[in-house]
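S.K.: Spelled out from the first residue to the last, the chains are:
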Amino acid sequence: MTAVGSACMGTSTAVGEDWVRALSVPGPLQDEAMSLLHDLMLRAARRQVLRMTPMLGGVGLDVVDEIAHQSANDAMMAVLAKLGSFEGRSRFTTWAYKFAVLQAATDVRRRVWRERAVDVDRLELVPDRGATSEQYAEAVDLASAVRHAINTVLSQHQRRILLALVVEEVPVDVLADRLGATRNALYKTLHDARKRLRAHLRETGHLADLTSQAGTP
Amino acid sequence: MNRRYRPLAPGLVARLTLDTDPWLSCDDCFRLVDQYVEELLEAPAGAAPDAPAMLAHLRGCPACADETTTLLLLAAEDRGLDPGVAVARLRERS
Ligand SMILES: [Zn+2]
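In order, the protein sequences belong to chains A and B. Counting in the numbering used here, the first sequence runs from 171 upward without gaps. Counting in the numbering used here, the second sequence runs from 5 upward without gaps.
So that you can see chain B by itself, here it is in the shape it has in the complex (with noise of 0.2 Å):
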């Protein structure tokens, strides 16, 4: 049988082993994901959204991330703001 090598790079390492707490799962994410975007987008620069599981799901699932920038592009542009800054301010809490 062969076998497939993959290196444990820091980056993997840090993946593998990453803290997901405090715990939310995907569908809790789909459910509060719209009304996050919109305190990210509301809320004055340097001032964050307190959601800590929030943000621990987004660095833990990749999935729920990307969806959660491209809802984060559509909410922006409806409000006419600069999508690169709305998703800066999503990657620098992330």
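So that you can see chain A by itself, here it is in the shape it has in the complex (with noise of 0.2 Å):
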């Protein structure tokens, strides 16, 4: 056993400050703390990865592991460049895995969204068919609200990404990327729309239909 622990079972025998002295000082310890670092992102990564083959339509064992290996690398990077912020709020081995999860996570992501087209402009909203008759009067009243909320209150831009990613469900950062910008700028963007609408709903007196249909799947 080392100074900085097993990877193995993603565990450490040494506190955190540890793992950053161990990466940040040049030596035989250095070089095995990459090793082990490395064995920690591409476990987290292939965990990711393995999650979401699904959406990556049945691909095999040997797509998994060469996603897994090019994000495992570029989330070594990621620590590596982020080491001094670590600052042992958790276990670095928790930390590290983060950086490993969401590089994998958007690696996937960009791979499922490559060929697929965004397109939110033809897109319209209808009330729900099925809805039993005794619910329809009110699922068309309050669909029709949101409709209208969306179609006169929202910006144009919030009204667009609005629909990208709750409607069409195109992943935050595929969009982020399509549109030159970032993941946090868009969720903002989509925190505020849905604050509008909710406003706006409150003033024509719709919100405790939302609220009453907010547990329904």
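Keep in mind that the hints were calculated from the coordinates and are not lab data. Errors might be hidden in some of the hints.
[Stated by the list, open to error] Derived contacts from chain B toward chain A, CB cut-off under 8 Å, selection only:
1) 37
2) 64
3) 82
[To be verified] One side of the interface only, derived from the structure: several residues of chain A facing chain B at Cβ under 8 Å:
4) 214
5) 265
6) 293
7) 297
8) 298
9) 316
10) 354
11) 364
Think of the CB as a built atom: it goes at the ideal place given N, C-alpha and C, for glycine as much as any other residue.
Build the complex: two chains, separate frames, hints provided.
M.R.: If you want it as structure tokens, here you go:
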């Protein structure tokens, strides 16, 4: 056992600062720490890719491993670049995993969407025909209010982001790539759009309907 | 121009108008998520970490929610905890 610990169980026998020091100071310990860190990154990336394989359309383990290795390599660079920001508020391993999980998830979503167009301009929201007769009038009224609010109280940018992220379910990082924006900026637009819709629907008296339907799957 | 129609089912209406206050950005979610999953795993049964902004973000941001689930699974395995129980803990708070 080294001062850094074993990566195969994802546990460390030393505190996080030892990982930071081991990864930072040139020498044999650094080489070993780098190797252990790479194992951690690969484990986390592989886990994320495996969870997303249904989205990838039944690819084999060779493709899973190819994506996981690339993501792990990129995540390792991200971890090393951010080493100084590790504050020890979690185990070093948990902190490091998140870089690999983010990288792998982003890589898979990009791959899944690379051939798919995002087009919200031809999208039209209509009442749900699945509603039962007694629900129907209420559902039509609520759907009409929500559709009207989306078309009238949101800016064109808010409307397009809301439709792409929520109705079309375009992943936020994929949409950010397409628009040359950041994930943060798009989520903020979505947050503001939802807030504006809620405020409007509160004014029109529809917010109670929303609350009663919120628990419906 | 061909239009594409999407029914406004109750679940979609709820997602379109979700209350995602208190505000938390994706970057801040990423900054805090490792600490959050560890608190979730280490809290006694029935006791939740007090993180309303994190919960609101995870409800409103599927990408961050998915990544948080994986991180939770990894951290649970490191502690020898049942990943299914860990994920159930996350979902019951979302
Ligand atoms: Zn997010």
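S.K.: Look at each hint and say if it fits the structure.
M.R.: We went through each hint and held it up to the structure:
Annotation: interface hint on residue 37 of chain B holds; nearest CB of chain A at approximately 6 Å, less than 8 Å. At a threshold of 8 Å, the smallest CB-CB gap from residue 64 of chain B to chain A is about 7 Å, leaving the interface hint in force. Annotation: interface hint on residue 82 of chain B holds; nearest CB of chain A at approximately 4 Å, less than 8 Å. Using the Cβ-Cβ criterion of 8 Å, the hint placing residue 214 of chain A at the interface with chain B is satisfied: the shortest such distance is roughly 6 Å.
About 5 Å separates the beta-carbon of residue 265 of chain A from the nearest beta-carbon of chain B, less than 8 Å, and the hint is met. The restraint placing residue 293 of chain A at the interface with chain B holds, with a minimum CB-CB distance near 5 Å, inside the 8 Å limit. Residue-level restraint check for residue 297 of chain A holds (minimum Cβ-Cβ distance to chain B is 6 Å; threshold 8 Å). Of the supplied interface hints, the one on residue 298 of chain A holds, with its beta-carbon coming within about 4 Å of a beta-carbon of chain B, less than 8 Å.
Using the Cβ-Cβ criterion of 8 Å, the hint placing residue 316 of chain A at the interface with chain B is satisfied: the shortest such distance is roughly 6 Å. At a threshold of 8 Å, the smallest CB-CB gap from residue 354 of chain A to chain B is about 5 Å, leaving the interface hint in force. At a threshold of 8 Å, the smallest CB-CB gap from residue 364 of chain A to chain B is about 6 Å, leaving the interface hint in force.
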